[in-house]
Amino acid sequence: MNRWLFALSMPVTTAVLISSLAWRDCRTIRREEADRNERAAAAEAAKPIRGKLTFAPEVPPAPQRTREAHVVVDIEVKEVTLPIADETTYTFWTFGGRVPGQFIRVRQGDTVELHLKNAPGNRMPHNIDLHAVTGPGGGAPRTFTAPGHETEFTFQALRQGLYVYHCAAAPVGMHIANGMYGLILVEPPEGLPPVEREYYVMQGDFYTAGGYHAAGLQAFDVQKAIDEKPTYVLFNGAEGALTGKNALHANVGDRIRIFVGNGGPNMVSSFHVIGAIFDRVHREGGSTVESDVQTTLIPSGGAAIVEFTAKVPGEYAMVDHSIFRAFNKGAVGSIVVDGPQAPDVYAAQTIERPYTEGPTAFAEAPGEPKPKTKEEQIEAGAKVFATTCAACHQPSGRGLANAFPPLAGSDYLMADKERSIGIVLRGLKGPISVNGAAFDGIMPPQSHLSDDDLANALTFARNSWGNKGEEVTAEEIAAARAGKPLPKSNHRGATASLH
Amino acid sequence: MKHRRHLIAWTLGFAAALSATDAPASPAPMAAIPAGSYRPILVTGAKSIPVAAFRIDRAPVTNADFLRFVQAHREWSREQIAPIYAEPGYLGHWQSADVLGGAPRAAPDRPVVQVSWFAARAYCVANGKRLPTEAEWERVATARADKFFGVRDLEGVWEWVNDFNNAATAFANGSDAMRFCGATAANATDATDFIAFERVALRSSLRARFVLENLGFRCAS
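Sequences listed follow chains A and B, in order.
Residues 0 to 498 in numbering that gives the first Met the number 0 are what the first sequence lists, from first letter to last.
Residues 0 to 220 in numbering that gives the first Met the number 0 are what the second sequence lists, from first letter to last.
Quick caveat, the hints were computed from the structure, so don't treat them as lab data.
Where a beta carbon is used, it is the ideal one built from N, C-alpha and C, also for glycine.
Misleading hints may appear alongside valid ones.
Derived CB-CB ranges, DEER-like [claimed, not checked]: (1) B:Ser95 with A:Asn327: 53 to 59 Å; (2) A:Leu81 with B:Ile194: 36 to 42 Å; (3) A:Ile225 with B:Arg73: 47 to 53 Å; (4) B:Ala102 with A:Gly285: 50 to 56 Å; (5) A:Thr153 with B:Ser95: 38 to 44 Å; (6) A:His114 with B:Gly101: 18 to 24 Å.
Derived DSS-like pairs: lysine-lysine, alpha-carbon spacing no greater than 30 Å straight-line [claimed, not checked]: (7) A:Lys77 with A:Lys51; (8) A:Lys223 with B:Lys46; (9) A:Lys373 with A:Lys483; (10) A:Lys382 with A:Lys310; (11) B:Lys146 with A:Lys223; (12) A:Lys244 with A:Lys51.
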């Protein structure tokens, strides 16, 4: 019996044992798995990441990380002869082979392992001082590198911000004047707000033995550098680096963020985008954000993050608003924005007309006599129409389909004289129907014209191209301008007919 | 790169032309430099350093010169040199240990480069000479008024001096002086002499076993 019991209990006990073992195993496995995952995450974080670097005007993608990392950055110093203007070359000293040097993008708290490689064919020793570094010399003494050698230097990016890096080997002014600078962005842990476009622009001043646009290979001019009289002030190291086929691009509605640095060595930049107001500026690249900025000052050895929204299509010039530098030293770039017009923000058409009211050289000459008859009004109105109205409504009075309504044979014009007077004085915006066709545009007010001019132009329009209506008088315009109702006696019917 | 080479070639040619007109037709291989002084670009004390009379090679040591040396002193050949005396690139522009080869920089009459300070010093000693001091070299290089005493090719390639690490030690308040900008500006006697700055910067970046593509030497006695 005992034996039977024992024999019977054996498998049960075994089963219980096995199952409990298995159960413990499961728990252990789960715990181990969790530990393993955590270790893997930690190991992943500790595993060096190779920093992606870009040349201007490109910006590396944001580090999509939730924790700090060990980032390895490789920079090769190259002394290279490149164009500085169309017919002019210059021997630049560069981080990576171009001016400015490659853009470095890390996250606050990252450990950055920087390898500085000085190409064997270079003449000079070089180093790197990153303004993102906390410590004497900003890394320069740790990275002083002879030609054909490499140094390695590790630092922690303690502070967020956009920082300049540059060579600080003696003679430092010459190294910077030759183009040895770039930007390093230390992103806040939460990252920067998303935008549609990010660009990298860096200003620098250059000192050549020959004058502006002097052809051929130009040597560095020490005296001009000491006198702070640059031959060139440039964005991204060459005239034309950001214009023509090299212009930056965006679409209407894009939020555009430009990381702007100023390598100097001497000039302070008055950075401005013509036709844009910066929504936000990280002043001097730090965490102070200012809104609604027209021009921002960027010190030599400083930077700024500027952001604006492209609302109107067209070409936007970025300049150093110390403006002779833009026109005579090369400090111009352009941003081409594509997309639909926004005439309510920026009128789509230029309106041009003679201006004769102010004092003229012939001030004492008698003016033209005021038209007296309807025929004289039509004749005078034709001139006003030609210079003011024809650009949109066309000389034929037929307008342009889908854009500018016709006046010739226009039911809309002829139906209501008072309304027409109101429109020329106050403008018109929104959908209307003219001869059965829909229009939805904007006509700007023409109230800057005199009562006579407006009266004559309306009289002309109401009596041309087959239109037949009564005249509009200057008194009627004046009354409408003053907000009074039109005298009833002048309010007569009119007809329109299409030719 | 090409342009720079042109520039160097031009400089060399210019220097050669100068010496051709100002030096005797077949000058002695060494120039005698009278006692004088030298004004270092970086100073901590005296602004002018006295330099005793000395002799210095008119031209840098060439590939052909150095080939004869390594053939006679095998311990300084590319194959046999002890790693502590030179980096791996030692005489790397030559075709082999005993053949200069066709590289332009390896031409027999071109200044020898890719030599360490140890090897340069050994060459001079083997020829009964020594490396010039920084003060001696600079006294010659800055003697524009004396037409460089007939010494040639001072701006072709960089050149070793015996006390090349002076810049990082003797003239500096700390070893970082030449390594970044602040310290140099504070101590400079003539902040506009950028060529002198470049030379000091280059020397201070060196270690005795370094070999550079554009660093050679000449001897003094």
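message = Hint by hint, where does the structure go against what was stated? Just the numbers, ascending.
response = 2, 6, 10
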